[in-house]
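Using the sequences and the hints, build the whole thing.
Protein chains: 2
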Amino acid sequence: MTDHSRRSSSNKVGGELQRIPTPYVLFLGDAIDREAAKTAIGIAHWRPDNCVGQLRLPGCQVDLGLADLDVEGAIERGARTLVVGVANRGGEVSPGWIDTLVDAAEQGLHLAAGLHTRLSGFDVITSAALASGVGIHDVRIPPSGLPVGNGVRRSGKRLLTIGTDCSVGKMFTSLQLAREMEARGIPATFRATGQTGILIAGEGIPVDAVVGDFISGSVERLTPEAPEDHWDVVEGQGSLFHPSFAGVSLGLLHGSQPDAMVLCLVPGRPHMRGLPHVPSPDLGQCLSLNEEAARLTNPAARVVGLSANTYGMTPDDAERTLDELERELGLPAVDPVRTGVSRLIDALPK
Amino acid sequence: MTDHSRRSSSNKVGGELQRIPTPYVLFLGDAIDREAAKTAIGIAHWRPDNCVGQLRLPGCQVDLGLADLDVEGAIERGARTLVVGVANRGGEVSPGWIDTLVDAAEQGLHLAAGLHTRLSGFDVITSAALASGVGIHDVRIPPSGLPVGNGVRRSGKRLLTIGTDCSVGKMFTSLQLAREMEARGIPATFRATGQTGILIAGEGIPVDAVVGDFISGSVERLTPEAPEDHWDVVEGQGSLFHPSFAGVSLGLLHGSQPDAMVLCLVPGRPHMRGLPHVPSPDLGQCLSLNEEAARLTNPAARVVGLSANTYGMTPDDAERTLDELERELGLPAVDPVRTGVSRLIDALPK
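First to last, the sequence lines map onto chains A and B.
In case it helps, this note's numbering puts the first sequence at residues 1 to 350.
In case it helps, this note's numbering puts the second sequence at residues 351 to 700.
Since the hints were made in silico from the structure, they are not lab data.
The structure presented is a predicted model; accordingly, all values stated were derived computationally and were not measured.
Just so you know, even glycine gets a beta-carbon here, dropped at the ideal spot from N, CA and C.
Some clues are possibly wrong.
[Said to hold, decoys possible] Simulated DEER-style distance windows between Cβ atoms:
| hint | chain 1 | residue 1 | chain 2 | residue 2 | range |
| --- | --- | --- | --- | --- | --- |
| 1 | A | His230 | B | Pro626 | 24 to 32 Å |
| 2 | B | Pro408 | A | Asp123 | 54 to 62 Å |
| 3 | A | Gln18 | B | Asp413 | 35 to 43 Å |
| 4 | A | Asp323 | B | Asp579 | 47 to 55 Å |
| 5 | B | Pro398 | A | Ser155 | 51 to 59 Å |
[Unchecked claim] Among the chain B residues that face chain A by a calculated CB cut under 7 Å, a handful are:
| hint | residue |
| --- | --- |
| 6 | Gly403 |
| 7 | Pro497 |
| 8 | Asp563 |
[As the list claims (entries may be wrong)] Covered stretches of chain B, as calculated for chain A (at least 3 residues, CB under 8 Å):
| hint | region |
| --- | --- |
| 9 | 564–572 |
| 10 | 592–598 |
| 11 | 624–633 |
| 12 | 650–660 |
Right under this line is the structure:
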């Protein structure tokens, strides 16, 4: 941190975000349940037009309802990238997948994955990719040459989803907001910050994998200057109240300079994910700390509404919960699945 | 961040912090001024007993007042590590240094540096080190196997220096506090988080070089469980109000679980270092935001005093400035150089 000016200038040479070529064939491997195929399910749900089909190995128990293809069939249908949409325990690349991945690369498909283990760590895969001139997109690796953040205001508008915790629907809410904006004719771009979001969007930066000094700078690069009426809808990560990841959340807040924030939560969750000794934060306190911190880089930053995941509640309970949240915070509260997100968009600053 | 539980467990295998063998010979290369030799000056000031002498090349304009030694002479005096205490423009390794570094490694000295460019990136240096079995300590590289933070309370006490900005005296204040505690018979350990601090302490973690998801976890490892009356004095980094680096500062705050914080500042600095468009924060707001954020992992966390760098002021102006700070914040205010830090230690919780 002592020589950020030097690092800043030496990092300005960095290139553009790499875009993953579409359309995709979704590789499900030998996935035994929908949890294992979560990434593929997310892509198929949010980008059906980008998916020509699914590629399943013997033993696969998941069906996305897409055409079953092999590598040749995928190429015939126009696929440009094979996306590994499955994660086994540990986020490793299963030995049983390698032949198919090598075959795909040899036949000219780009490869993409958000696994813990990198595809580019396998010599047989990199050799095949090099030989046929295709790319390997390990989306958990940040791009090189990220700048140090500078906090200079940029044109265009930005919305950031924030959370009480991890895994409270920030990606889902962001995608829904971007879709609804487009439907209303509001120019908007979903900006992905995690591996599943990046595979859905086809580009992005895995901010939780960025080195500390470059977190806010990486988000400045992810959400560049834009026309004044354009909204970047930025996928949030973690929570200012999560003792493991709050640093990432704060860098994301400062780098995105949000004009508007949407606070995502799971009503009734007693404690932070993975940390039974850390209770969920008070909602009002969560809202005000985020607003205070965000004003460092955007004095107009404010929370415009709440997005609650009421999965598993009866319709009555869900409605009552949303009503209570509205009264407690004085802001519109939606469940993106049950109610859609229109009321959040109505609440945006013009 | 979506699979922190997995990463957490897979990263528990990480080893201990690596300690740099002492004593040192301080390599000044061809440093043309004291600014270039800042790291060596810091080590000689804070750890004179660890320095057997200086090693200067032709053209060097800096003299630390230590014995001038060559590699053989340094080894005769018992040096175990050659520390590169000089930084040229850009933080590169100068071509003119290489022969001496290789010679030192061949003759059995470990090498240590906090440069932007890694010593281990030079084949001739790594070959020499491998052949003679010495280590290369590039202290800007974090140790591997860092855990994800968990926020579980640890025994022992911790003090963290926080700041309005970068470069406001956090390292200096921390070292002075640890020294004064030791002089009073209070068990204390300086915990280094930046390159110069690490070379002074002989160990530490460069937290600004740690990947976002592991920032707080790296500080949990740096400041482990300790006897109840022991103080870790943790070197702070950046500021919650610095739009480039606040994520690092927040992770450091959460990971260190400070019982006490000392707020460091340079009175009269108009704006954040390197960012003329970002004014320095209001002191009261800086204090309260740090306390609020710190309470997530230590409900008793509070700021116990201020450390102001009044360098360049007349004695009268400095005294008046410290008085004004005391009145404004209602806390003891010291300049570690002019007044020492005793009053801060008097203010610590028992």
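To see whether the hints hold, each was checked on the structure:
1. Remark: the range hint 24 to 32 Å for A:His230 to B:Pro626 is upheld by a beta-carbon distance near 28 Å.
2. Evaluation of the 54 to 62 Å hint for B:Pro408 and A:Asp123 yields a failure: the beta carbon distance comes to about 47 Å.
3. Between A:Gln18 and B:Asp413 the Cβ separation comes to about 50 Å, which falls outside the hinted range of 35 to 43 Å.
4. Look at A:Asp323 against B:Asp579: about 52 Å separates their beta carbons, and that is inside 47 to 55 Å.
5. B:Pro398 and A:Ser155 have their C-beta atoms about 54 Å apart, which keeps the hinted 51 to 59 Å range intact.
6. Checking B:Gly403 against chain A by beta carbon gives a least distance of about 26 Å; that is not within 7 Å, so the hint is violated.
7. The beta carbon of B:Pro497 is not positioned within 7 Å of any beta carbon in chain A (closest approach about 9 Å), and the interface hint is therefore violated.
8. The interface hint given for B:Asp563 holds, since its Cβ lies 4 Å from the closest Cβ of chain A, which is under the 7 Å cut-off.
9. With 3 residues having a beta carbon nearer than 8 Å to a beta carbon of chain A, the region 564–572 of chain B meets the requirement of three or more and the stated coverage holds.
10. Counting residues of the region 592–598 of chain B whose beta-carbon sits less than 8 Å from any beta-carbon of chain A gives 6, enough to reach three: the coverage restraint holds.
11. Residues of the region 624–633 of chain B lying with their CB closer than 8 Å to a CB of chain A number 4, which satisfies the three-residue condition for coverage.
12. Three residues within the 8 Å Cβ limit are the bar, and the region 650–660 of chain B against chain A gives 0, so the coverage statement is violated.
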